[in-house]
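Line by line, the protein sequences give chains A and B.
Taking this note's numbering, the leading residue of the first sequence gets -13, the next gets one more, and so forth.
Taking this note's numbering, the leading residue of the second sequence gets -13, the next gets one more, and so forth.
Careful, some of the hints might be misleading.
Heads up, the list lumps identical chains together, so a pair's fine if it works in one copy or across two of them.
[What the hints assert, rightly or not] Straight-line distance between alpha carbons at most 27 Å, and here's what the computed DSSO-like set of lysine-lysine pairs gives:
| # | residue 1 | residue 2 |
| --- | --- | --- |
| 1 | K208 | K53 |
| 2 | K400 | K225 |
| 3 | K157 | K194 |
| 4 | K115 | K246 |
| 5 | K133 | K346 |
Calculated from the structure, these hints are not laboratory results.
Number of protein chains: 2
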Amino acid sequence: MKKNILSFVLLILSSNFALFSCTTADAPPNYNKTKTETPDPELVLRSIHDNALIGSPAYAQLRYLCKDIGPRLSGSDNAQKAVEYMQRVLDSMNLDSVYLQPVMVPHWERGEKEFCQVIGNENEKINQKVLDITALGGSVGTNGKLKTQIVAVNSLSDLENLSKKEAKKYKGKIIFVTQPMDARFINTGSAYGGCSSIRVFGVNTAAKVGAKAFLMRSLTLKNDNHPHTGIMIYEKGGKKIPAAALSTNSANYLEKILNKAQKENTSIEMELQLNCEILPDVLSYNVIGELRGREKPEEIITVGGHLDSWDLGEGAHDDGTGCLQSVEVLRLIQKIETKPKRTIRCVLFMSEENGASGAKEYARVAKEKNENHIAALESDSGGFTPRGFRVQDSARLAIIQKWQPLFKPYNLHKVEFGFGGVDINPLGASGTLLIGLEPDSQRYFDHHHAATDVFENVHEREFLLGAAAMASLTYMMAEYGIE
Amino acid sequence: MKKNILSFVLLILSSNFALFSCTTADAPPNYNKTKTETPDPELVLRSIHDNALIGSPAYAQLRYLCKDIGPRLSGSDNAQKAVEYMQRVLDSMNLDSVYLQPVMVPHWERGEKEFCQVIGNENEKINQKVLDITALGGSVGTNGKLKTQIVAVNSLSDLENLSKKEAKKYKGKIIFVTQPMDARFINTGSAYGGCSSIRVFGVNTAAKVGAKAFLMRSLTLKNDNHPHTGIMIYEKGGKKIPAAALSTNSANYLEKILNKAQKENTSIEMELQLNCEILPDVLSYNVIGELRGREKPEEIITVGGHLDSWDLGEGAHDDGTGCLQSVEVLRLIQKIETKPKRTIRCVLFMSEENGASGAKEYARVAKEKNENHIAALESDSGGFTPRGFRVQDSARLAIIQKWQPLFKPYNLHKVEFGFGGVDINPLGASGTLLIGLEPDSQRYFDHHHAATDVFENVHEREFLLGAAAMASLTYMMAEYGIE
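Starting from the given sequences, assemble the full structure and let the hints guide the process.
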């Protein structure tokens, strides 16, 4: 095969036809299964990738989770269906153990679709435009229609830094924080990181100046009509006012007419209705499947994603892909003849989006049982082409980096310090090495928490390469440890 | 900003909410334009990326090329419209020179849409299924409806290695080479490279055994209903038989029923009609725009893509993105206060798909004028997130690799030996260093030469990051040379 490719490259170099060439002769060798206890890791990683790219059931499983079950908001019937489906999938895999770990989770419901309309002002009646809006997760409703003036502020820090006198202007009104994500960041996660506190905590700042409601621009770099939801958190003892996000197109429009109104010294009113409500907590589950280690079963490596999702799309990239990739890690490791030296546990966490109670419960039980979690690997940045791993410990980063030559043929070039993930994070307190899969970030926030986070936007090979990357690192840690 | 991100990271580490974090604090510094002759390259590259990611006209220009002009088959009216549009774009940019370079190009027309139907056999009439098919570029037509038996062969080499006796079985029939691209390659270009000779030369092997027509499976890793076209070349003096590609779904179906028929010792007939024809060559143009070097204007760096495309889609990834990225390189370089030390020339090549006559003419004229082309950079692998560069000279690879620390913040990790590109290739004979932009390859062959190669499948940021990567490398070569 290598020879064929070489002669083909020579062919193109000598002619000028519309052909496309390979960078490297990455021909798949025939990996022969071996009973040797420690087979050549280079061959094992090649085998993992071959088995991911040909004949994997994971993409069809993702389709079922997204299309047949759909969105899986914490506490919902669909979340329960997802628990049962994933348990069935794990049960069918001949693992050493499959079980559900009970956990109480928040239950917030959106209710009927939101309504938001600009209704102009006394002088001008032309701006009667319906805007695309979504309640933020955890928000209270408006209790019927809220009709009041809408005012803009450039950023959360501007709002925080208002003098008492200025703050009066915002009392009784709807506050709209116009701040967009900064497109100049190369990694879109950094642009999100610079703005997500607006969504999580902005509502409290608005409540403190006496606003009736809080609006923000959706956290995405794409201009379109899809609003993006996501968690917000009320401060203890603070006033709970409704909070929502506008699609970027609606936000651009609103910003424009508010600027115009300000110049003309007029005002604009808005009608806003959110029908969401906070219900009592519900019993739900983390779904867990385990391959016990052949030599050091007490040393555990957790791989996981979160099974719950927001309700607007199908929770495809966030985080159906992470769940099915984690299950696929087990399948790919099972394909290696020898059992892993250490225990590999796949955990599908419940309620990441609504406060990560599943993650906290998993870590609590692990500590209670005095389990030895040496490492945890999470996929919750989308099912895009993997580029490497984020290792949340600069002191132990080199342990993972020493395997980079093995990862390079799979274009996993980036092994750097970074955040592991929300669901594995509580394990960190006991010294577990936390690692996040780092996929290409360009398209993630197009879909994140929006109606477009659907199965069709997940590319099969990109998704499977992510699973193979996770399986490769998991195999290395399970076989060679992380000392 | 950096401080904000840091405190935000600390925030997530201490709480467990549904947030997403950054890998590296890649905060954009405020790049101050400077009149220093050699500004800090780190700041220049940051500035190039800032200007690409905010306020670039390139994506709107790509939209015009794709949606308002559309497919631009060599020799077609649309190709001429594209020449005129791109000349207007370059004319508006205040360059040192903009001109058209005349070149005669092939003119092949598809004619009316092809037809292909399986018509069962004497015993069985149930298989009357219409298949998705496209003529290969350069093929002759069937001259009305061709009706004959269809027979499968597993690979081109199987067909080549037939004994004389076996070959008789194929005489007078339509030969279908079933070979698929090998999904196990990580870089899809390698999988394509292993199969593209089937498309380019397979027809000749089929003609030699006396086949009436040649069919192949579309060169893509995706199973869908979109057939993929592409060039084929008749051997001099050989018989010209019609050649076409089936969509992968149609190919899978046909392979299945042919296997069944073989087991049952029956045969299957097919009706095939291709209406294409080869017309006389047409006068067309390479479109060229140039920024003259401030110190070494005689040293030229060519950046380019090809302006022609296949007719099934809009030539978005192949290669509208390469063209507009190359134009964007000039714009981004112009944004740097100092003019480039060496000359940068953007070349939009004509007729890459149909034999690369534009590329050959450009190299011929360069040689005739005794021009000194030190390097050439091509983008013809799609407008996806850039991952690095392919350098077509292992001896000079280190010259480019020494700049890798500057490229790393932009996730350009891969600078390896590889093919530069079809259009710059003829320059190689004079010692020009040939370099290809290497984007992520996973989605390229989903769209390559198919009806889905449309503007909507190009992601704005991915495309612009490619342009910024090209501008970064071009700037370094123009400023520091390649010695």
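Quick rundown of the hints versus the structure:
1. K208 x K53: Both, since 25 Å and 20 Å are each at most 27 Å.
2. K400 x K225: Neither way: K400 and K225 sit 44 Å apart in one copy and 52 Å across, limit 27 Å.
3. K157 x K194: Classified as within: same-chain Cα gap 9 Å, cross-chain 85 Å, threshold 27 Å.
4. K115 x K246: Within one copy, since 15 Å is at most 27 Å while 61 Å is not.
5. K133 x K346: Answer is neither: 40 Å inside a copy and 68 Å across each miss the 27 Å cutoff.
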